[in-house]
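K.L.:
Residue numbers (the working numbering), protein chains in the order written: chain H, 7 to 462; chain W, 7 to 462.
I should point out that these hints are in silico values taken from the structure, not numbers from a laboratory.
It is possible that some hints are incorrect.
Where chains are identical, the list cannot tell them apart; a pair therefore holds if satisfied intra-copy or between any two copies.
Only pairs whose alpha carbons sit at most 30 Å apart, straight line, appear in this in silico DSSO-like list of lysine-lysine [as the list claims (entries may be wrong)]: (1) Lys312 <-> Lys197; (2) Lys378 <-> Lys306; (3) Lys76 <-> Lys114; (4) Lys197 <-> Lys334; (5) Lys123 <-> Lys71.
Note that the structure is predicted; figures quoted are calculated from it, not measured.
Protein chains: 2
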Amino acid sequence: MRNILVIGAGKSSSYLIDYLKNKAAEQQLHITIADVSVESAQKRADNHPNCSAISFDVFDAENRKKEIEKATIVVSMLPAAFHVEVAKDCLHLGKNLVTASYISDEMKAMEDEVKAKGLVFMNEIGVDPGIDHMSAMQVIDQIRNKGGKMLLFESFTGGLVAPESDDNLWNYKFTWNPRNVVLAGQGGAAKFIQEGTYKYIPYHRLFRRTEFLTINGNERFEAYANRDSLKYRKEYGLEDIKTMYRGTIRRVGFSRAWNIFIQLGMTDDSYTIENSENLSYRDFTNLFLAYSPNDSVELKLRSYLKIDQDDVMWDKLVELDLFNPNKKVSLKKATPAQILQKILMDSWTLQEEDKDMIVMHHKFGYELAGKKYQIESSMVTLGKNQTYTAMAKTVGLPVAIATLKILNGEINTSGVLLPTSKEIYEPVLEELKEYGIEFVEKEVPYLGYNPEHVNG
Amino acid sequence: MRNILVIGAGKSSSYLIDYLKNKAAEQQLHITIADVSVESAQKRADNHPNCSAISFDVFDAENRKKEIEKATIVVSMLPAAFHVEVAKDCLHLGKNLVTASYISDEMKAMEDEVKAKGLVFMNEIGVDPGIDHMSAMQVIDQIRNKGGKMLLFESFTGGLVAPESDDNLWNYKFTWNPRNVVLAGQGGAAKFIQEGTYKYIPYHRLFRRTEFLTINGNERFEAYANRDSLKYRKEYGLEDIKTMYRGTIRRVGFSRAWNIFIQLGMTDDSYTIENSENLSYRDFTNLFLAYSPNDSVELKLRSYLKIDQDDVMWDKLVELDLFNPNKKVSLKKATPAQILQKILMDSWTLQEEDKDMIVMHHKFGYELAGKKYQIESSMVTLGKNQTYTAMAKTVGLPVAIATLKILNGEINTSGVLLPTSKEIYEPVLEELKEYGIEFVEKEVPYLGYNPEHVNG
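Please model the entire structure based on the sequences and the hints provided.
P.N.:
Shown next as structure tokens:
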């Protein structure tokens, strides 16, 4: 029996654990499911003969070490900030590690020791980061292998609500951490390169500089730029590329309306509001508007942000109860962002039978024998319900597949890794197809970076 | 002979040192002028028999202590961040200290020891902070003394170019640290209270929420809100006030045009631009606009920010050479804010004979015996040239006057002080009148916070 320690039995662990359970008998696996809440762990274990559920506090060093000691391999599904303690123990105790999170500086700093001990610390092998790296590198390597030179790489991902559960004016619900959605784009200008020219978008214009995407021939989406599109130039071997852009996908019209919150200052998380607990939603909105006692909050907002009375943006704000004088904020010492999050959660929380959707879209432009080509590649995955979400599927399955392949020595390059090498992405992507996670690839005329598609 | 050590012989020391020189014989003063540049110190000393000029590096602890030891009182005109070293020595060596800077947390932390030693550490006694505190507290105390209850306090200050030297479309030149002007308003939402309602303005809307002011009956100005208008509620005894607002004065139209820089992202100081030294001013502007090779930078900017072709804002941008393809940025690893500062300094640097102007304006609303009253109080001071500026006069004279009064025991309350008590503001304001720094006060009908004056 090989013992897989899965730390974190939260939202994203359903498919991950089911995959391991299904392979348990054949592969001789025991799965220890560890969570702060033993009930959550037990729910995931569900009395499976090859599973045990334990209570696990990542800050209880003694117990943490004891459980990692017993494991053959460790999967950490904890929030990114907590991986480092687990990683240190894995290094010390000689255990391989898998996470779906971005490689932190602390994790990166362990690289030499991880290599010296011949260990595999596989990171960024969820959906984004994860499937994006793998599916992009597969196409990029194919282009290079036939002698092509990469000119353009654009990559877009979005966690959305599935069409059949899409029943609000924003065409959006929270399919992941709401706080991250409220704070998205903050912390510095978005940076990318288009046809050799660097471009910078400040946060307060980010949602007005969206690009349009058509996926699978007819579905239209929009995307706003990620903070640092240039981050993986080195890892992808694209140091000289002319155009590189990464974005987040939303339904058309979301960003223009979201911009209202930014313009008002409602997404600010840097200060607390006086007397926040006693404010109504309407009072909260009025905090960001001029004092003018003879005008309504509605008219002040419309006039301030120049919203026409027949603009659907207006209905989006009304739908959220932003002008409701009776609903109370009821949060003490809250920041504007915390209050906005609460208001949005009233409207955008998924119900048990609601289905989510993951959409990913890449564009690859390249030159081969003097001619220019373009490939577009898309993946759409739908969730089943609030346990078996598309998010849990696309995050959990690559983690699970990689874990088993590392355990079986099929992935054996040591180091602190991302899944950018063929040894990793080829078998993982192949197996993901069995679960319906598959990219549709098509050749299109080379467009280069297309200004027609820019909104604003 | 009493020895006054003046540390810092920069821009703001001309009037300060002249004042002390003029009193030197009668008051038995020796003035030691200390600066990193001994030439600057000598220039200010100008061979006056009661002056000596020395080279002084605030980080040379031994020399710093030696010079402070020799002084009867110390005046620090250093940048605010450097006062603390001087203050520690003053505390240790038992010397009184005067600065024109905001009280830092480190300075505040010395309060108990300063009191225990019976010392006077007088701070915030320049113009803003300084004359604003004194002139406001004089009126507030008068209102209270006759039994009035304060309802409203608004206070505005601006460093501007004098009308006769005002020859650009922005009606603005740099009369003080240009970097502070470029970064003004950053670091958090502006916060104030109007008729009992808290209001918050995010940075990217700050320059679109200006207020208009009419000063001396006919001159019209605008003002944008300072970061924290509520800062002095406690010091002024205005904890329960309904309206409190502090702002920075500009000529009408400045803020609307400045907003263009903010919208583009040109005032951002948080990241550096790739390859900044080789960019032209036009390239720099284009960094913040969409890629669209068939459109001009001009048209892209106009369309992006919806600037009509006959809007004077457009001419303001052209006047700054923002679209010039030949002028080079020539700054390595520069932030957008650093580049913008350079571009602005090309146009907004004062010439030797240019005159500056300080404008200050307060509004006081109060209730007395069931009736409401309002007082407005204004001060305008003009500079003579680039040595004898209005800024140097309004900063330096209160510092100099306070220094002599502390030296002569006329101000003798010990502690880390601001000039909010009558013992201090009364004689200082009285003496400032002799130099033409005087407030014009008038009763106006009580308006309260007047929404008519809000732009946007």
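K.L.:
Taking the hints in turn, state whether each one holds.
P.N.:
Here's how the hints hold up against the structure:
In this assembly of identical chains, Lys312 and Lys197 lie within 30 Å of each other by CA distance both inside one copy and across copies; the values are 28 Å within and 23 Å between. Taking the closest pair of Cα atoms, Lys378 and Lys306 come within 30 Å of each other only across two copies (28 Å); inside a single copy the shortest separation is 52 Å, beyond that limit. In the homo-oligomer, the alpha carbons of Lys76 and Lys114 lie at most 30 Å apart inside one protomer (25 Å), although the nearest pairing across protomers, at 55 Å, exceeds that limit. Proximity of Lys197 to Lys334 under the C-alpha cut-off of 30 Å is restricted to the inter-copy arrangement: shortest distance 22 Å between copies versus 38 Å within a copy.
Only within a single protomer do Lys123 and Lys71 lie at most 30 Å apart by alpha-carbon distance; the minimum there is 18 Å, versus 56 Å between protomers.
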